[in-house]
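Visitor: Given the coordinates of chain A, work out where chain B should sit on it, guided by the hints.
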Amino acid sequence: MLQMQDLTKSYGDVKALDGCTFAVGPGQMLGFLGPNGSGKTTTMRAIFGLIRLDRGAVTLDGAPIGQNDRLAFGYMPEQRGLYPKMKAADQLAYLGALHGMEPAEARRAGMALLDDLGLADRAGDPVEELSFGNQQRVQLAAALVHDPKVLVLDEPFNGLDPIGAETMANVLRQRAEGGATVIFSSHQLDMVEDLCEEVAVINAGRIVMEGNVRDLKAASPHRVIEFESSNGYAAVLDELEGVISTSFDGHRHTLIVPSHLDVRQVLNRADGDSGIQHISYSTPSLSQLFKEAVA
Amino acid sequence: MKTSSTLKLVILRELRERGRSAAYIASTIITTVLILVAILLPTILGGSTGYSIGMVGAGNQEIVDLAIDIENADADAGEETEFSVVSYETVEAAEAALLDEEIDAALIGGSDIILRSASGASGDDLSDLLQYAASTLEIDRLVSTAGSDADVVDILAGEPLGLRTLEGVASEENQARTVIAYGGLMLMYIAVLSYGAWTLTGVTEEKSNRVVEVLLATVKPWQLLAGKVIGIGTLGLAQFVFTAVAALVTLRIAGTFDLPAFPTDSLMMLILWFLLGFAMYSLLFGAAGSLVSRMEDAQSASTPLTLVALVGFFMSFLVLDDPDGALAIAMTFVPLTAPFVVPVRFALDSISMVAIVGSVVVAIGFIIGATFLAGRVYAGGLLQFGSKLKWREALQSADV
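Chains as they are written, first to last, in my numbering: chain A, 18 to 312; chain B, 5 to 404.
Isolated chain A (complex conformation) (with noise of 0.2 Å):
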């Protein structure tokens, strides 16, 4: 288990990180969520010792971590980093001797990486060769080629085609299930949405909201209500009570209500009044819930 206690950091005035309190186990994927600079950053720095906290710890499995704990650690820098004139294995190779391996299982391990990310062909080129999506993918190896136990990405899935962010999320997905614990912070909240079982999500160095999405989902007091109606707006949703809110995007409607609202009730209304279809009733989304928690 990956514990994060009452991390605090301050730069000056500015307090980065404020107590921030959260936990990811052993296969599990966390989808570390928050606005620009709510300190997702400083919180994965503090991960690898890259700077020096205030207050708190991280610990793994109760233990402080030292740097032999470290090796078994995969990075991947918001700021992609890479030597731009090596080549893309012996980038990968160094790496993986960096964090223990033996050199030649090192090499053999990026090479495989490589191939599994349809890069085989390109591994004697200089990184600076390669285009945007293709560093992205050495970059991701390069988190990887130790195969560590404790994944963390920081924005792994910005500037990726539809396609790119695909081979991103099948790969992490697999880490995961293979035992690894997994980190990486998003602003695409469907795609964490779709990924995640747990979330966390900072908000001015704190925690706002933690635990897993169908759970927080089903623990929020409101729920959302979707239909079309056939003859444009329905002005009577005005005047139901208990509404928290409405939007109308031409075509649909959206409520918020309270949970505990009779559901029946407001759909009877609108539907005596303007008739309505295609109705939902559900949970809110992952990014309704973000934005309520960092409001």
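Quick caveat, the hints were computed from the structure, so don't treat them as lab data. Quick reminder that beta carbons are idealized off the backbone N, C-alpha and C, glycines included. Careful, some of the hints might be misleading.
Claimed, not checked - In silico EDC-like pairs for lysine to aspartate or glutamate, Cα to Cα no more than 16 Å straight-line:
| hint | chain 1 | residue 1 | chain 2 | residue 2 |
| --- | --- | --- | --- | --- |
| 1 | A | Lys234 | A | Glu210 |
| 2 | A | Lys104 | A | Asp142 |
| 3 | A | Lys102 | A | Glu146 |
| 4 | A | Lys234 | A | Asp211 |
| 5 | A | Lys166 | A | Asp78 |
| 6 | B | Lys224 | A | Asp86 |
| 7 | A | Lys32 | A | Asp71 |
| 8 | A | Lys102 | A | Glu145 |
| 9 | A | Lys104 | B | Glu21 |
| 10 | A | Lys102 | B | Glu21 |
| 11 | B | Lys12 | A | Glu119 |
| 12 | A | Lys104 | A | Asp138 |
| 13 | A | Lys104 | A | Glu146 |
| 14 | A | Lys234 | A | Glu309 |
| 15 | A | Lys102 | B | Glu209 |
Claimed, not checked - A short list of chain B residues far from chain A (calculated; beta carbon distances all over 10 Å):
| hint | residue |
| --- | --- |
| 16 | Ala62 |
| 17 | Asp73 |
| 18 | Val90 |
| 19 | Ser91 |
| 20 | Ala101 |
| 21 | Glu163 |
| 22 | Tyr186 |
| 23 | Thr247 |
| 24 | Val249 |
| 25 | Arg256 |
| 26 | Arg298 |
| 27 | Pro339 |
| 28 | Gly369 |
Guide: Structure of chain B alone, referenced to chain A:
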């Protein structure tokens, strides 16, 4: 993983990637070619050499004529060595001309040679030539005088003409020492600055392309810095030695200077101070490189260091003139100027063993201190991207 193997990996990467880079190979070739051109140019432009002989009194003409015949016996037409012969009334007048370098040697009354100094490169050859001519004449005379029992071999082996010099005996080794002092000083300056610049750009490059964040997750900052300094230092030393050996071999073959006995102790001293000087400057250059995020800023971050090296370099020319002076002694014990001064003073034989050991101790102490300081600046600077940091800011924010 053990610290030593991490360090080894960093060093090996540096050797492998930089050592086979076009930039390294090109700079080795260019430096070597430039030095060889500098050595060979005088020989190529000089064409056939010429001698100028001064004569005082009688009995000289015969020896000079024969010497000219001997020298040019095998020369093709147009390739002959040119001789100019000047007569002087008195020995004093000939000596004055010798000192003014108007003539290479003076022949007095067919029995004595006067040279400027024993090791004047062309004067030595000329005096050998004149001695040979005089011996030959002696043998001719013996052969024509029937019944002589003089030993021909003795005459050929001996030197029939008396020899004296005006400026005392400057040993050939001392000459070589001066060449080493000058040459070593130049090489030291070029080496410290150019290999220091490699460290500077190497560090800034890692920071500017953000690879450093991946590395620092497993490598400690001091390992990264030390690995870089050692790796680049090794490549620098290899280039330094390659260039120096190429220069020495060419010197020998071209014969631009006479370097018969090469003082290896001077060379060892030069290499020792190359290592110390490189370590001192490179550590500081590495720290300077960690303060900036962009290559464009690297130069300005290192300006103070470059200036120190420049001042040290120019001040050491004063030391060449006065190797025992107060300035020379002071600079010996200032770590960043010592690399430019100690090898020079050693080559000129004007530094005591105690002072050498003292200066090395000061330099090593400085390197230890610089490793700590540079390591902290480096650690503090590496993960702060954006505008250029001040040394103090980086020191204060050293987190790892």
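Visitor: Next, verify each hint and record whether it holds.
Guide: Against the structure, the hints:
1. Lys234/A / Glu210/A: holds (11 Å)
2. Lys104/A / Asp142/A: Given pair Lys104/A, Asp142/A holds - Cα atoms ~5 Å apart, limit 16 Å.
3. Lys102/A / Glu146/A: Given that 16 Å is the threshold and the Cα spacing comes to 8 Å, the pair holds.
4. Lys234/A / Asp211/A: Given pair Lys234/A, Asp211/A holds - Cα atoms ~14 Å apart, limit 16 Å.
5. Lys166/A / Asp78/A: holds (12 Å)
6. Lys224/B / Asp86/A: At roughly 14 Å apart (the allowed maximum being 16 Å), Asp86/A and Lys224/B satisfy the hint.
7. Lys32/A / Asp71/A: Roughly 10 Å separates the two Cα atoms, so the pair holds.
8. Lys102/A / Glu145/A: Judged against 16 Å, a Cα distance of about 6 Å means the pair holds.
9. Lys104/A / Glu21/B: Distance ~10 Å between Lys104/A and Glu21/B Cα, so the pair holds.
10. Lys102/A / Glu21/B: holds (8 Å)
11. Lys12/B / Glu119/A: This hinted pair holds, its Cα atoms lying about 13 Å apart.
12. Lys104/A / Asp138/A: holds (12 Å)
13. Lys104/A / Glu146/A: holds (9 Å)
14. Lys234/A / Glu309/A: Since the Cα atoms of Lys234/A and Glu309/A sit roughly 12 Å apart, the hinted pair holds (cutoff 16 Å).
15. Lys102/A / Glu209/B: Since the Cα atoms of Lys102/A and Glu209/B sit roughly 11 Å apart, the hinted pair holds (cutoff 16 Å).
16. Ala62: holds (77 Å)
17. Asp73: holds (65 Å)
18. Val90: holds (65 Å)
19. Ser91: The claim stands: Ser91/B keeps its Cβ more than 10 Å from every Cβ of chain A (closest is about 71 Å).
20. Ala101: holds (63 Å)
21. Glu163: holds (65 Å)
22. Tyr186: holds (37 Å)
23. Thr247: Consistent with the label, Thr247/B stays out of reach of chain A, its closest Cβ about 25 Å off (over 10 Å).
24. Val249: holds (29 Å)
25. Arg256: Non-interface label on Arg256/B holds, nearest chain A Cβ at 39 Å vs cutoff 10 Å.
26. Arg298: The claim holds: Arg298/B sits with its nearest Cβ about 13 Å from chain A, beyond 10 Å.
27. Pro339: It holds; Pro339/B is separated from chain A by about 31 Å at its closest Cβ, greater than 10 Å.
28. Gly369: Nearest chain A Cβ is 28 Å from Gly369/B, so the label holds.
Checked against the numbered hints above, the structure breaks none of them.
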